[in-house]
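Peer 1: Going down the list, the protein sequences come from chains A and B. So the first sequence is numbered by the working numbering: it starts at 1 and just counts up by one. So the second sequence is numbered by the working numbering: it starts at 236 and just counts up by one.
Hints were generated in silico from the structure; no laboratory data involved. C-beta: ideal position from N, C-alpha, C; glycine also. All the given hints hold, so there is nothing to weed out.
If the Cβ cut is set under 8 Å, some of the chain B residues that face chain A in the computed set are: (1) E604; (2) L606; (3) E757.
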Amino acid sequence: MAAPGPLVLIIEDEPHMRRFLRATLRGNAFQVVEAASAREGLAQAAGRNPEVILLDLGLPDRDGREVTRELRTTTRAPIIILSARGQEHEKVALLDLGADDYLTKPFGAAELLARIRVALRHAGSPAEGMEEPVYLAGEVRVDARRRQVFREADEVHLTPTEYKLLAILIRHAGRVITHRQLLQEVWGANYVAQTHYLRVYMAQLRHKLERDPTRPRLLLTEPGIGYRLREEERG
Amino acid sequence: MTLSTVSAAPPPLPAPPAEPTPLRREYASSIGIVALCTAFCFALRPRLKTADVAMVLLLGVVAVAARYRRGPALLASALSIAVFDFVFVPPYYTFSVHDTAYFLTFGVMLAVALVMSGLTARIREQREEARERERRTAALYAMERELSEAVGREALVAIAERHLGRAAGGIATLLLEGDADPATWPTTGVFDSPEVRVAATWARERGIPAGWSTTSGAGAEAIAVPLRAAALPMGLAVIQPADPDRRLSDAERETVFALADLGAAALERRLLAERSEEARGAIEAERLRTALLSSLSHDLRTPLGTIEGAASSLLEEPGALGADTRGELLQSILEESRRMTRLITNLLDMIRVETGALAVRKEWQPLEEALGVALLRLEERLRAHPVQAKLPSDLPLVPIDELLIEQVFINLLENAAKYTPAGTPITIAAWPENGAVVVEVADRGPGVPPGEEEAVFGRFYRTSSAASADAGAGSGLGLTICRGIISAHAGRIWIERRPGGGAAVRFTLPLTGPPMDAMPAEPLEA
Numbered sequence: 001m002a003a004p005g006p007l008v009l010i011i012e013d014e015p016h017m018r019r020f021l022r023a024t025l026r027g028n029a030f031q032v033v034e035a036a037s038a039r040e041g042l043a044q045a046a047g048r049n050p051e052v053i054l055l056d057l058g059l060p061d062r063d064g065r066e067v068t069r070e071l072r073t074t075t076r077a078p079i080i081i082l083s084a085r086g087q088e089h090e091k092v093a094l095l096d097l098g099a100d101d102y103l104t105k106p107f108g109a110a111e112l113l114a115r116i117r118v119a120l121r122h123a124g125s126p127a128e129g130m131e132e133p134v135y136l137a138g139e140v141r142v143d144a145r146r147r148q149v150f151r152e153a154d155e156v157h158l159t160p161t162e163y164k165l166l167a168i169l170i171r172h173a174g175r176v177i178t179h180r181q182l183l184q185e186v187w188g189a190n191y192v193a194q195t196h197y198l199r200v201y202m203a204q205l206r207h208k209l210e211r212d213p214t215r216p217r218l219l220l221t222e223p224g225i226g227y228r229l230r231e232e233e234r235g
Numbered sequence: 236m237t238l239s240t241v242s243a244a245p246p247p248l249p250a251p252p253a254e255p256t257p258l259r260r261e262y263a264s265s266i267g268i269v270a271l272c273t274a275f276c277f278a279l280r281p282r283l284k285t286a287d288v289a290m291v292l293l294l295g296v297v298a299v300a301a302r303y304r305r306g307p308a309l310l311a312s313a314l315s316i317a318v319f320d321f322v323f324v325p326p327y328y329t330f331s332v333h334d335t336a337y338f339l340t341f342g343v344m345l346a347v348a349l350v351m352s353g354l355t356a357r358i359r360e361q362r363e364e365a366r367e368r369e370r371r372t373a374a375l376y377a378m379e380r381e382l383s384e385a386v387g388r389e390a391l392v393a394i395a396e397r398h399l400g401r402a403a404g405g406i407a408t409l410l411l412e413g414d415a416d417p418a419t420w421p422t423t424g425v426f427d428s429p430e431v432r433v434a435a436t437w438a439r440e441r442g443i444p445a446g447w448s449t450t451s452g453a454g455a456e457a458i459a460v461p462l463r464a465a466a467l468p469m470g471l472a473v474i475q476p477a478d479p480d481r482r483l484s485d486a487e488r489e490t491v492f493a494l495a496d497l498g499a500a501a502l503e504r505r506l507l508a509e510r511s512e513e514a515r516g517a518i519e520a521e522r523l524r525t526a527l528l529s530s531l532s533h534d535l536r537t538p539l540g541t542i543e544g545a546a547s548s549l550l551e552e553p554g555a556l557g558a559d560t561r562g563e564l565l566q567s568i569l570e571e572s573r574r575m576t577r578l579i580t581n582l583l584d585m586i587r588v589e590t591g592a593l594a595v596r597k598e599w600q601p602l603e604e605a606l607g608v609a610l611l612r613l614e615e616r617l618r619a620h621p622v623q624a625k626l627p628s629d630l631p632l633v634p635i636d637e638l639l640i641e642q643v644f645i646n647l648l649e650n651a652a653k654y655t656p657a658g659t660p661i662t663i664a665a666w667p668e669n670g671a672v673v674v675e676v677a678d679r680g681p682g683v684p685p686g687e688e689e690a691v692f693g694r695f696y697r698t699s700s701a702a703s704a705d706a707g708a709g710s711g712l713g714l715t716i717c718r719g720i721i722s723a724h725a726g727r728i729w730i731e732r733r734p735g736g737g738a739a740v741r742f743t744l745p746l747t748g749p750p751m752d753a754m755p756a757e758p759l760e761a
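So here's chain A without its partners, still in its complex pose (with noise of 0.2 Å):
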């Protein structure tokens, strides 16, 4: 038999979603526990110290907020937020205290195993930092002891603070980053609300790196959220 897979935590009391979650996983070579309520799932957390957790918005005994901040007291593994369509603010408050990505419902299986790769690879390089002094996505190429950004073969002119912009999103690469924290990472916390800073920016980077900024392939928009850089799928 080969060496087990990575044990992911279903936290859902939604019983037919449950299964949805277990089989694709199973089938794909993960471990599974599941648990059908917030109070179950921190037990579960505490003891069997799962890889991945995937934690929905709804639970009927918890408060979202309440679990991921408790889940964090016990836990560094990546929280990936289920939720429905319209619990936006919900969904930020959430990643804002620590939870690492989300999946809004329907999702197909493509897409959960994409998110809990993603999610994986950033666990296991606990060092925040660029991972690789050249970066690669796409079209564009990012050489991070140069600061050099090139679009194919041409070199990109980028302000300093577009550039923080990047390095930053290249750091969380495939991950959502919320406007709050790309603000103050950028601007500082003083400038959390200025959601136009940021949009303008990312509107200015597109525009230098995307063919086509209308519809970016990179620099994707998560509506209500934040932004996501488009990681490739590797392996």
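For this one, chain A is given, so just place chain B on it according to the hints.
Peer 2: Leaving out everything else, chain B in the frame of chain A:
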């Protein structure tokens, strides 16, 4: 409903109406005039006959009676008689009169004073009345004008309180009628007084004014005036005078009552309008419910039927199905689920739009972003159409809720994809115009049937040329939702026939929103 009070800032007290000259001054003047006449006669005494003296003194009496009230007139008359008798009628410097004919002169003087002062009083009263009528008309007119411009019950109440307070020379508080009892009245200020509470209760129960300046409960330090309207009692106005010792004149009281009636009528109109609005809303809601139910039962059952059928085939006859068939069945389950998701999303959006539960969180942002999200999400469904989306690079930021405007783009692009033949282009354009950004989503399809430009925004509208169910017939809600969202952004949305064929949906996004901080300067290059 409860009896509610809406307190307004006390209005500045107007200058009291011009008081007639104080009585004391009138008496003094009348003495002065008599003294003047006496002095005049005394000075010219050698040349005047006694009858002339009487005439001069009479003139003084007339002058006093014509200008002053009865008291000073009588005083002038008495003084004149006394002076005449004492100084000018022999024997001089005694009050005895030898010639009884002089009694006639005295009588005439007295009678003239009485008659004249009576006339004067009547003229003055009439003048006062006319003035008060004028004031009342002006007050009514001013209040009516303000009431007609007021929005909302609070504004009506504030206006009525201000005008009533001014008319009565005090501070007015309106107690609006519910079916509540005096137990819910305020207990502070003037309502602390038991007399006022009794007067107010009396006024409310009998529908007649009570308290200060009335015949019932005049001891109270405020007047309670019922707000009488045509059909419904509207409550009470309680007015606390600035000077409780002064009483309102009949005319002033009438003015206050007239203003109270005017306020009551305005409140009643408002209440009736609210009720009919509620009734209309209830009918609308009922109609929406019916439409939603029929939509739910048909549009949701169809895909569910497919899903259930396909799934049961897969479960029950796994051996009999070839790999191709299995794939097809699975594909239809997936597609029909997605169709249901879209439909439910639309229905939920519709309900949010229709019930006013649409929370708009506006943020300044480039329009490109919301459009980009919509284009990405619809990539699959737009594959059959070349989509041209080029926004000018100098388009200003727009204050929008990105999730909602993204939904507008999705609905418009979906419609364009659904109702136009494959291969026809879809163009998206935007430009600034008159303090707004105008956005256009245009296609080269059959266009909107003439005369239906408004109807397409109605609920559950389906054009006769709608593609078959094969293309995934719409819910008929897309444009209705768009209109709801654009209205919530204070914009307009409409559809036009394009020159050269096709439809163009345009909407405006006004550039008014929360203030936007200027961006900090770019740091110097590291």
